[in-house]
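Enquirer: All chains, full assembly: derive it from the sequences and hints.
Here are the chains, one letter per residue:
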Amino acid sequence: MSIIELKNISHSYGNKVVLQNLSLNIEANRMTCLLGGSGSGKTTILRLIAGLETPQSGQISIEGELVTQSQKIIKPPHMRKLGFIFQDLALWPHFTVYKNIAFGLKERKEKDVKDRVYKILGFFGLQDEAEKFPHQLSGGQQQLVAISRSLILDPKILLMDEPLANLDVKLKRKILEHIKNLKQNFDLTIVYVTHDHKEAFAIADKIVVLNEGKIEQTGSVQQIQNSENEFVKYFIEF
Amino acid sequence: MGRKLIEHPFYAIIYGSFVLFIVFPIVYTLGTTFFDGSSLAGNILLLDKDIFLLLVKSCIIAFCIAMLSTIFGTSLGFLLYKTDFPFRSFFKIALLIPLFISPYILAVAWKDFIYVFFNNTDLISSSIGVILVLSFIYTPLSMIITGSGLSNINSHLEEMGLLTTGLRSVVFKIMLPLMKPALLSSFVLVFIFSISNFSVPAFFGVKLFTTEIFIQFSAFYNHSLAILQSAFLVVICLLLLYADRKHLADASFLSIGGKGTSIRKYSLGKGLWLGWFGASFWFLISVIFPFIILFIQSFRGGASKFIQAFDLLKSTFSDSILLAFSGAIITTIVGFTAAYFSETKNRNFFNWLLLFVFAVPSVIFGISLIKFYNHPGLDMIYASYTIILIGYTGKFSFISAKLTANAIKQIPYSLEEAAQIEGIGLYRRLRTIIFPLIMPALFASVVINFIFCLGELGTTIMVYPPGTEIMPIKVFTIMANAPQSLVSSMSLIVFSVTLVVIISLAYFGKKFIRST
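Protein sequence lines, in the order shown, are assigned to chains A and B. Just so you know, the first sequence maps onto residues 1 to 238 in the working numbering. Just so you know, the second sequence maps onto residues 239 to 754 in the working numbering.
The hints are simulated quantities; they were obtained by calculation from the structure and are not laboratory data. Everything numeric in this text was worked out from a predicted model, so none of it was measured. Incorrect hints may appear among the rest.
With a Cα cut of at most 27 Å, we get these calculated DSSO-like pairs of lysine-lysine [stated by the list, open to error]: (1) B:Lys411 with A:Lys132; (2) A:Lys183 with A:Lys172; (3) B:Lys712 with A:Lys16.
The following label-pair restraints were derived from C-beta to C-beta distances [said to hold, decoys possible]: (4) B:Ala744 with A:Glu27: 55 to 63 Å; (5) B:Phe290 with A:Gly125: 27 to 35 Å; (6) B:Ala656 with A:Thr96: 53 to 61 Å; (7) A:Lys81 with B:Gly507: 20 to 28 Å; (8) A:Gly125 with B:Gly507: 37 to 45 Å; (9) B:Tyr651 with A:Ser10: 40 to 48 Å.
Examples of chain A residues toward chain B, derived with CB under 7 Å [said to hold, decoys possible]: (10) His78; (11) Asp88; (12) Trp92; (13) Tyr118.
Glycine is no exception: its CB is placed at the ideal position from the N, C-alpha and C atoms.
Expert: Set out below in structure tokens:
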């Protein structure tokens, strides 16, 4: 069953066309990887789903509800029940780890903020770092704080934009394990953007290969690995 | 240190000249005042309660101006730098105009306005008038600083906030704290400019610390008391600048958008009309309105006063423009030298000296120059326009250093290192690599300092040699005894000349930068 539906989406930055009449369904409780090179439009898809940008044409629905209709945001980003992990993590540098995570809960005037924050910090082994500022943490810890911040608001969908791009190989493996477990532990649908096919093969249930704003192929890891599509074959070879 | 200086003779000459011609006179004047035991003891006794109350009053007024300018400047900065407001490029330039018009010209315009509508100038000839006029002048300064701060916020930090909460919370809880260094810089700079301003309180007849210093100097000839009083201002300004710099240095959370993160622009939507109203209203009251009022006042009784004013001022145009242009070139050379060696060779002391002289109130800087250069043998400086150029260099080199430092920071040092490996010397590297890359900043520095020099009054009024034919001096000296319509006419002419210069420089500047 689809939880996110993109229908006939076209988008451009100035004269540069980024997405051309693209339609895509994202299935619930699965890990979908958007795989493609620079300028393929994968990050734009994530930003459109989040409501951070509006497409020139087309529509987007989440859980059957229309959230964006060509050039108009119907449901603002903070009401879409989704989390977002940016490539640079976007941890607020003027907040401590605790405040970074608690901010959303406090804004929504939710109860038991402290208990909930410490619970999730405990889950990722970060309880001793609560009063530190982001710049005082290691790269891996920062990654986990960003994930914690997104999960604390109980999102149904987690959007991840190349979250491992700046990590070394060892740390990448460790964080990948955490991400794999998220789906089960938090009952999530994850949309994961990467340009690294190995990363996609390691975690995806379904892979969408993009090229210059169009979908080249959609399929399971095995289907992509055995693809006959020239572009896909070329892309995963290098 | 000596050997390092000799390694770069160009740096040594500029640095040495600045110390010799500008810093030394200030140190000499302060030294002779503080270490002249008898006059110091006598003058300390003269520092009574009234003087301190005057200092407090000056601080309160400067605080109000800094607060108002920062609030309005930040609002305009957000509108023009962070929204999809139409014609924002036009307003970004147009709203800067008051910053480049001499403060006393706007003071004349507002006094005229109150006179025309209320037939009484008591309301404006007060602290309120000083706050009003200087807030109009310094709001654009705040707008540039906070606008640039807003543009530098990593857009992902805002977007992460938008995914969590509404825009209002994002603005107040994420964006404003992240741009705290810019807000602080805006506040500190406006405070320093305001507390050091002489011409506006003098024109409105408001007794403040700067006017008191001027009176001690020019009416009672008590130089040492004037200097002693001004030491308070110097200390306040230096403390604030130090706090500002310290805060910037300690700000672990300075957030500069990395490559690939664009500036996030917000759609005004239904708030578009409010944006239009805000920007247009500010443009009207800070630019159009003073111009119209001066125009009406100038031609009220026919064109005779305007013609008289033009005759009085026409002899000043060439000298004023030539002096301002020379000042702009010299300040840019000095500012660039300090900035380049600070950014690339970590030599910061020259920068600190520029900051120190910038923090010295114009009046006291002028007194220092007079006391130092009014000696036999130094007549060729004291009795010529050279002393005015020295004044410009002291006051405005810091602005050039700030502008060019920001541009130099953007150039990866590896570009120079690559040339160094190929054996290319410093001067050729500067000419072929650095200058072309920072040309827009150098040009901006020349333009901005040209306009500042053209309107400078605080120091020039103290040091101008007899027979000086430059615009601000001529207007200000005639102002006191001339009929209001003549003052308005002269102000209108200065306003118009400055406007023409700004528009021409903006037009030719764009062409020049494109061609380079």
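Enquirer: The structure should be examined with respect to each hint, and the outcome stated for every one.
Expert: Hint check results:
{"no.": "1", "hint": "B:Lys411 with A:Lys132", "result": "holds (19 Å)"}
{"no.": "2", "hint": "A:Lys183 with A:Lys172", "result": "holds (18 Å)"}
{"no.": "3", "hint": "B:Lys712 with A:Lys16", "result": "violated (57 Å)"}
{"no.": "4", "hint": "B:Ala744 with A:Glu27: 55 to 63 Å", "result": "holds (56 Å)"}
{"no.": "5", "hint": "B:Phe290 with A:Gly125: 27 to 35 Å", "result": "violated (59 Å)"}
{"no.": "6", "hint": "B:Ala656 with A:Thr96: 53 to 61 Å", "result": "violated (42 Å)"}
{"no.": "7", "hint": "A:Lys81 with B:Gly507: 20 to 28 Å", "result": "holds (23 Å)"}
{"no.": "8", "hint": "A:Gly125 with B:Gly507: 37 to 45 Å", "result": "holds (44 Å)"}
{"no.": "9", "hint": "B:Tyr651 with A:Ser10: 40 to 48 Å", "result": "holds (43 Å)"}
{"no.": "10", "hint": "His78", "result": "holds (5 Å)"}
{"no.": "11", "hint": "Asp88", "result": "holds (6 Å)"}
{"no.": "12", "hint": "Trp92", "result": "holds (6 Å)"}
{"no.": "13", "hint": "Tyr118", "result": "violated (19 Å)"}
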